[in-house]
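Participant: Now for the letters of each chain:
4 protein chains.
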Amino acid sequence: MRAIRKPRPGPGLEVCDVPKPTVGPGDVLIRVHHAGVCGTDLHIAQWDPWAQGRLHPPVVIGHEFAGAVVECGPGVGDEFTIGQLVTAEGHIICGHCRQCRTGNGHICQRTSIIGVDRDGAFADYIAMPATNVMALGDIPTTVGAIMDPMGNAFHTVLTGAEVPGSVVLVLGCGPIGCFAVGIARAAGAVKVIATDVNPTRLELARRMGADVVLNPATDDVVARVLAETDGEGADLVCEMSGHPTALTQAFKSARLGGRVNLLGLPKGEVALNLSTDVIFRGVTVYGVIGRRMYETWHQMRTFLSSGHLDPMPVVTHRFPLEQIDAALEAIASGAAGKVILEIGD
Amino acid sequence: MRAIRKPRPGPGLEVCDVPKPTVGPGDVLIRVHHAGVCGTDLHIAQWDPWAQGRLHPPVVIGHEFAGAVVECGPGVGDEFTIGQLVTAEGHIICGHCRQCRTGNGHICQRTSIIGVDRDGAFADYIAMPATNVMALGDIPTTVGAIMDPMGNAFHTVLTGAEVPGSVVLVLGCGPIGCFAVGIARAAGAVKVIATDVNPTRLELARRMGADVVLNPATDDVVARVLAETDGEGADLVCEMSGHPTALTQAFKSARLGGRVNLLGLPKGEVALNLSTDVIFRGVTVYGVIGRRMYETWHQMRTFLSSGHLDPMPVVTHRFPLEQIDAALEAIASGAAGKVILEIGD
Amino acid sequence: MRAIRKPRPGPGLEVCDVPKPTVGPGDVLIRVHHAGVCGTDLHIAQWDPWAQGRLHPPVVIGHEFAGAVVECGPGVGDEFTIGQLVTAEGHIICGHCRQCRTGNGHICQRTSIIGVDRDGAFADYIAMPATNVMALGDIPTTVGAIMDPMGNAFHTVLTGAEVPGSVVLVLGCGPIGCFAVGIARAAGAVKVIATDVNPTRLELARRMGADVVLNPATDDVVARVLAETDGEGADLVCEMSGHPTALTQAFKSARLGGRVNLLGLPKGEVALNLSTDVIFRGVTVYGVIGRRMYETWHQMRTFLSSGHLDPMPVVTHRFPLEQIDAALEAIASGAAGKVILEIGD
Amino acid sequence: MRAIRKPRPGPGLEVCDVPKPTVGPGDVLIRVHHAGVCGTDLHIAQWDPWAQGRLHPPVVIGHEFAGAVVECGPGVGDEFTIGQLVTAEGHIICGHCRQCRTGNGHICQRTSIIGVDRDGAFADYIAMPATNVMALGDIPTTVGAIMDPMGNAFHTVLTGAEVPGSVVLVLGCGPIGCFAVGIARAAGAVKVIATDVNPTRLELARRMGADVVLNPATDDVVARVLAETDGEGADLVCEMSGHPTALTQAFKSARLGGRVNLLGLPKGEVALNLSTDVIFRGVTVYGVIGRRMYETWHQMRTFLSSGHLDPMPVVTHRFPLEQIDAALEAIASGAAGKVILEIGD
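Chains as they are written, first to last, in numbering that gives the first Met the number 0: chain F, 0 to 344; chain R, 0 to 344; chain H, 0 to 344; chain L, 0 to 344.
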């Protein structure tokens with residue numbers, strides 16, 4: 000079958016033929032229809048320090064996908080039928096550590112990620128543990144293919160804050176930030192403010208429902224957020240960029256007693272004034288990683304099936320599997336929304 | 000000044016002249032613009048057993064209102080300005096019992112209710128403790144006058160359940176039930192199902208955003224709710240009727256692990272199968288009384304000021320103060336939405 | 000191997016030889032050391048209406064146990080080692096329904112219970128899915144054998160209420176009620192009040208840490224609870240008896256804004272005054288079934304391993320497997336604490 | 000009356016005679032029996048930059064106290080009786096901002112603190128708004144005088160974490176840290192680990208119930224915490240020191256999905272690796288300021304009245320009012336527990 004593979008240490012990817020995966024006990028074999036391309040895939044292609052420290056080539060990459068069930072391994076039971084459209088959680092967890100046992104599998108220390116630690120989804124077929132496979136129902140595979148990053152956004156927006164009636168600030172409008180804007184809107188936020196340095200992304204945020212869009216290159220973000228909130232600040236700040244400037248804005252834009260949920264990954268250390276920005280203000284901060292397994296998936300399905308969230312405006316580019324390099328270039332440009340590979344049907 | 004008064008024990012009300020209230024320390028005197036008429040006012044007029052046991056006439060009735068500040072008593076400070084539009088929480092609480100001290104003033108045992116335990120709002124003026132007075136900002140007094148019952152609905156819908164992405168069932172579509180429908184919709188419910196035996200009220204529920212309306216006289220409510228939820232049941236059930244049949248439906252329509260918030264007051268005892276309906280199903284039940292003081296008011300203002308909730312379709316009748324009898328007749332008919340008195344300006 | 004079996008429909012049990020269970024993929028075979036006898040086992044022996052409607056004999060009974068791992072089936076991985084002491088959650092759930100997927104496996108509708116729906120633990124060996132098996136660490140199998148009912152008590156005491164600093168009322172001091180007393184004490188309750196009609200059980204409650212014990216046959220429970228709480232009522236009421244009188248006491252003894260967690264199963268309907276007992280009082284009610292899978296197990300292990308909870312005073316009787324009839328008689332007497340079978344080592 | 004006053008800008012305090020406070024509407028006049036001396040009082044005496052920026056001398060200092068009611072101003076009602084023993088919350092808040100209206104008065108932006116922004120408690124008498132006055136019941140004034148800092152500790156330990164069954168790490172064992180140790184113990188923690196560089200303070204922590212005490216000068220705190228928790232880390236970390244090293248330890252000692260509550264005030268910015276320490280670990284951080292008004296006070300009274308928390312081991316020094324300089328020296332030494340002034344009776 001066709002696959003996109005990191006063949007050996009060093010920059011670059013190859014499109015090649017590899018054997019179809021075997022289907023072990025508890026596994027489901029899935030024909031991949033669509034797959035989402037992520038910044039992580041770009042890091043792997045570029046062979047950045049993180050990739051060098053983590054991957055053991057050769058490995059088929061790709062961790063966001065949806066497709067159709069073609070085979071169920073022994074012990075899978077009657078949960079899935081052949082031809083059923085599905086997507087999957089790409090974090091394969093141990094299931095018996097303390098985190099897994101107490102509803103926090105998203106921070107299992109033994110997590111193995113498809114497309115990173117084991118063969119992934121940029122291929123004609125992928126075998127996944129049935130536990131990780133989620134039925135799509137009436138959700139199309141174009142949407143199913145981007146539920147992994149959308150789940151990051153759901154996890155960020157819907158954890159810990161009472162979103163209905165609140166003001167939500169989203170810092171950074173890459174695809175996950177844009178999803179966060181749409182989710183906050185659908186979840187009853189009364190005002191959604193979004194920031195990004197890229198006007199194209201701000202336009203995507205606007206289409207996803209942002210009431211106010213700010214460009215940190217030209218706008219005083221903190222001042223504008225305070226002005227939009229009668230001087231109170233935002234109830235919930237979703238930091239999606241990892242940029243040090245945005246982190247400072249995050250804490251200074253949160254209201255007294257508000258919440259800052261951090262998804263964007265800063266590189267290295269960030270200097271924070273915990274006294275004035277967190278302690279005196281009674282702020283709560285939460286680190287977001289992955290998706291709640293599987294509360295987040297349930298939330299996504301209800302919002303998507305009911306039509307209360309339409310993520311498709313975020314999808315700006317589609318390529319066939321063979322054009323992975325073009326797909327990665329679109330991401331590297333910084334102006335793309337979500338980029339999808341069209342693999343099969 | 001003019002006032003509507005229960006002059007003495009027994010049925011009936013009188014419209015009469017009474018002295019303008021005095022303004023004590025910490026009080027705010029308010030010129031009443033609009034007032035809402037409630038089922039409680041009907042009970043008082045009819046002098047039902049509850050009214051006989053609770054009221055000590057003569058008393059000016061009415062507890063839902065909005066108007067303009069005309070005078071601030073000593074010690075009120077700079078919170079209010081003359082002419083400012085305001086409404087007020089009608090439960091005057093002791094402030095120092097355990098409930099008041101721990102954020103549960105709505106269940107203070109020493110609560111004194113305006114229009115019931117002390118002179119109320121169906122009058123040209125009312126004096127209220129400044130603590131109870133809430134600035135309206137850009138919310139008109141027609142809306143301000145109905146924030147008391149709307150607050151009951153907010154308290155019911157937004158307590159304990161994660162409304163975004165959920166299915167909400169509202170049993171009973173009087174004015175508070177209709178508000179609940181609109182609130183659930185604005186708070187991100189993906190499906191709102193409403194029931195009532197009165198087609199006019201179901202039409203109001205529809206206008207407030209109900210996706211599905213059911214008439215228990217002709218529909219099998221439990222079966223229909225299950226059919227609308229893939230057999231799961233509703234995530235949140237808001238019981239607004241107090242009717243024994245609706246209570247049974249409430250428990251049987253809630254999903255496993257779901258929530259039943261009870262606002263409607265059943266008369267006397269109700270037989271419940273706690274084993275099958277609550278325990279085996281892991282259901283949570285919550286008794287709703289009044290409004291959270293003052294979280295609920297803050298929520299209302301954000302939803303109303305932002306335009307995310309428009310309660311005005313629920314207002315079906317308006318009368319001048321002198322026509323209180325006509326107003327009560329409209330309520331007694333069972334077909335009215337919210338009924339408002341136009342008192343001053 | 001030896002086993003205690005319901006051989007056919009009708010009253011009675013038999014001790015007999017049955018084949019050792021086979022160990023399928025994902026299964027762990029356990030040599031049973033100790034097993035707990037439960038009121039459910041008595042219902043099965045007596046062949047009461049519930050048992051008639053649920054069981055399909057022949058079936059080996061028993062669902063509370065602990066022992067040593069003797070074999071791991073294919074796919075179990077390195078979680079368990081031969082000889083390791085373990086216990087197990089007896090509810091085998093589907094793993095993919097909405098409840099299972101959102102952290103509520105304890106209310107999975109497809110639950111299969113060992114000793115009821117499939118062969119159980121009153122035998123020399125039992126095969127369990129590895130997912131359900133919990134390592135005991137330094138907890139002895141006498142304690143491990145009673146972690147199933149202890150888990151019911153943990154679930155009841157530690158759900159939804161802030162126990163530290165609170166007054167906890169436990170209605171019904173069978174083994175689970177006695178565990179609840181000890182758990183509330185260990186979890187920082189400042190006062191634990193326990194009720195039962197049986198003086199022996201009240202003595203057990205006292206030994207588990209009850210500050211006040213009341214006998215409803217001679218004490219006015221509601222009045223005494225109010226007297227012990229400055230007239231406020233209990234913060235958390237744990238109803239462990241299912242008795243209609245106790246249910247009434249439960250609601251009338253809860254403080255305003257308090258919580259009533261229901262574990263005891265009432266037979267048939269119970270008449271409740273929801274207006275005065277739940278709604279006007281702002282009370283929350285929660286139906287407790289099973290154990291949170293597996294948060295409850297984690298809680299138990301921390302309390303037991305640290306020595307902060309010693310459940311052994313509750314164990315009043317021990318019998319060899321062959322004396323199951325004597326064990327059931329002890330339970331039927333109403334004066335026993337927890338009854339254990341000593342099966343192997 | 001006697002008072003300890005900052006007479007003018009610059010270092011030093013004076014013991015002098017000042018007029019007895021007047022008792023306005025809503026005020027309670029209190030004869031001070033005991034008062035607690037705080038690090039803040041030392042900062043004021045030393046006239047550090049914070050004090051220079053905040054205080055407007057002359058001002059009577061002191062914000063921790065307890066005593067007896069001697070007079071109630073107009074409008075106070077029947078809540079207090081002459082001679083009743085009371086303490087008081089020293090943060091006087093506006094009562095009508097968003098924070099005050101939604102149960103977060105502890106972060107009211109218009110807070111006026113006694114002994115800082117207005118005359119305080121190091122005097123024979125103090126007048127306080129009745130709202131801020133808390134009855135002591137059977138709690139002695141020596142304990143009442145230290146409920147302000149104890150409330151900081153309650154707020155830190157009991158916010159957001161499920162303490163029963165958990166491992167709590169307290170970094171910094173000044174008086175508030177020592178209180179935190181005792182509270183965690185009383186609230187059902189299964190293990191309490193405490194750190195400080197001062198052996199005397201570690202001994203106080205041990206007396207308050209710490210299972211493990213660590214000295215960062217000689218112990219590898221993070222390694223020891225991991226060793227004490229099977230490599231998991233602490234469930235709840237209470238950072239009471241504000242020291243940069245302790246802050247780093249706080250994040251690295253918290254378990255995956257754990258919680259870090261920050262009370263100690265770092266000076267200036269602190270460099271944090273949010274990616275590895277917060278985001279990848281799914282940690283929640285909360286800034287603690289003041290006491291929840293008045294949930295924290297209710298919690299304190301239940302723990303203290305029931306005898307479940309004895310804070311007196313923390314009190315190491317007592318001085319008469321005139322010896323304030325000696326009291327401040329004891330604090331400046333870094334080896335004191337809590338220091339109390341004995342003022343009246």
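Accuracy of the hints is not assured; some may be wrong.
Note that the list lumps identical chains together, so a pair holds whenever it fits in one copy or between two copies.
Capping the alpha-carbon separation at 20 angstroms, the derived lysine to any residue pairs in SDA-like fashion look like this [stated by the list, open to error]: (1) Lys251 <-> Leu264; (2) Lys19 <-> His316; (3) Lys251 <-> Val269; (4) Lys19 <-> Asp123; (5) Lys266 <-> His42.
The hints are simulated quantities; they were obtained by calculation from the structure and are not laboratory data.
Participant: For every hint, state whether the structure bears it out.
Facilitator: So, going through the hints one by one against the coordinates:
no.	hint	result
1	Lys251 <-> Leu264	both (19 angstroms within a copy, 17 angstroms between copies)
2	Lys19 <-> His316	neither (27 angstroms within a copy, 60 angstroms between copies)
3	Lys251 <-> Val269	both (15 angstroms within a copy, 16 angstroms between copies)
4	Lys19 <-> Asp123	within (8 angstroms within a copy, 45 angstroms between copies)
5	Lys266 <-> His42	within (14 angstroms within a copy, 37 angstroms between copies)
The structure shown violates just one earlier hint, number 2.
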